[in-house]
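Can you build the whole structure from these sequences, using the hints too?
Number of protein chains: 2
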Amino acid sequence: MTNSKHTPNPALDEITLSTEKIFDGKVIKLQVDTVQLPNGETSKREIIRHNGAVAVLAIHNDKMIVVEQFRQPLGRTQVEIPAGKLEIGEDPKDAIARELKEETGYEAKELKLLFSFYTSPGFADELIHLYLADELIEGEAKLDEDEFLEMSTITLEQAYEQIANQQISDAKTIMAVQAWQLIKLGGKLGQ
Amino acid sequence: MTNSKHTPNPALDEITLSTEKIFDGKVIKLQVDTVQLPNGETSKREIIRHNGAVAVLAIHNDKMIVVEQFRQPLGRTQVEIPAGKLEIGEDPKDAIARELKEETGYEAKELKLLFSFYTSPGFADELIHLYLADELIEGEAKLDEDEFLEMSTITLEQAYEQIANQQISDAKTIMAVQAWQLIKLGGKLGQ
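Chain order of the listed sequences is A and B. Numbered per this note's numbering, the first sequence spans residues 1432 to 1622. Numbered per this note's numbering, the second sequence spans residues 1432 to 1622.
Careful, some of the hints might be misleading.
Treat identical chains as interchangeable: a pair holds within one or across any two.
Derived DSBU-like pairs (lysine-lysine); straight-line CA-CA distance at most 35 Å [as the list claims (entries may be wrong)]:
no.	residue 1	residue 2
1	1457	1619
2	1543	1475
3	1494	1475
4	1475	1532
5	1543	1532
6	1475	1573
Hint data in this document are derived by calculation from the structure and do not stem from the laboratory. The structure presented is a predicted model; accordingly, all values stated were derived computationally and were not measured.
What follows is the structure in structure tokens.
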């Protein structure tokens, strides 16, 4: 995402001097940039390139739809909102509609963007587009052959219990739970 | 963070068959694991290892303390809550107290953990501990020689304006803004 409001700031901006490509994988790429700092010194920046992802706060009968799946970086399963990686050039709204249908069977009548956020801007450019879908039509999930996950629906109270016991412990899902509570309280949502 | 509540689930769990170490940097490490899926097939998992980080929702006179800094993965500056990387074995509360003091000059009378969350559990084990500090003592910032950032304080309304124009666009800061609004509305916070 390009921020049209950003204007150069010589007191803060770094200048890229060179880029060394280290790894080109299926999901991520790794490069090490040499940059010039505002004081003229040089430094290294380890950077992950990622195509971005989509996720959805999907509410049906006052319950949030979640999926449990194994996360190899954590060595355990986690409960998360439905999500998926973006292919290059793919429309985020189409991608989340497809992921929601495949993973849970639900179809969203409408998808509203809540936030687009960088997960870890210090070392990665991964951008997640988080949508709200609060009118859903039930259907059959159609998981890929190599996709293993278990769907469930939870109340807001159960969501906070799962945050407390760390079954829910990722940024996008905690952010979605907070947004859901703000909707209930009549608070302000995103952009 | 180990989740003591996690019990093995053969329908979901992956088994690590081998690990190939690709890169060992200052901030991140990259490895590619070969895993066995629940259906017996094998697959590759690209994994970033990170020591974790700390961040703080710091409120003074009903304004949130933020810092603007350049983020090389994004190629621009961003406005974020004060944060820093954890050293191995470092206590997260000590680390955020130090980062807050260095980056902004403020000292927290008390630090309360709001959430510990994984930023991107699909490919990284980075865990951020997000604290609340709502009683602060003003002081002088002491930035490292190679640290370039500009502090400011913003209202909740300004925070949502900066989310709308993407000056604020990272997970931890949006999560903190939502938590701040929930505090004002008397809602439920984290774990």
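Cross-check of the supplied hints:
Proximity of residue 1457 and residue 1619 under a CA criterion of 35 Å is satisfied in neither setting, with 37 Å inside one chain copy and 39 Å between copies. Taking CA atoms no more than 35 Å apart as the test, residue 1543 paired with residue 1475 passes between copies only; the shortest distance there is 34 Å, against 39 Å inside one copy. Only between protomers do residue 1494 and residue 1475 lie at most 35 Å apart by alpha-carbon distance; the minimum there is 34 Å, versus 46 Å within a single protomer. In this assembly of identical chains, the alpha carbons of residue 1475 and residue 1532 lie at most 35 Å apart only when taken from different copies (25 Å versus 42 Å within one copy).
Proximity of residue 1543 to residue 1532 under the C-alpha cut-off of 35 Å is restricted to the intra-copy arrangement: shortest distance 16 Å within a copy versus 39 Å between copies. Taking the shortest Cα distances, residue 1475 and residue 1573 sit within 35 Å of each other only across copies (22 Å), while inside one copy they are farther apart (44 Å).
Of the numbered hints given earlier, the model fails hint 1 alone.
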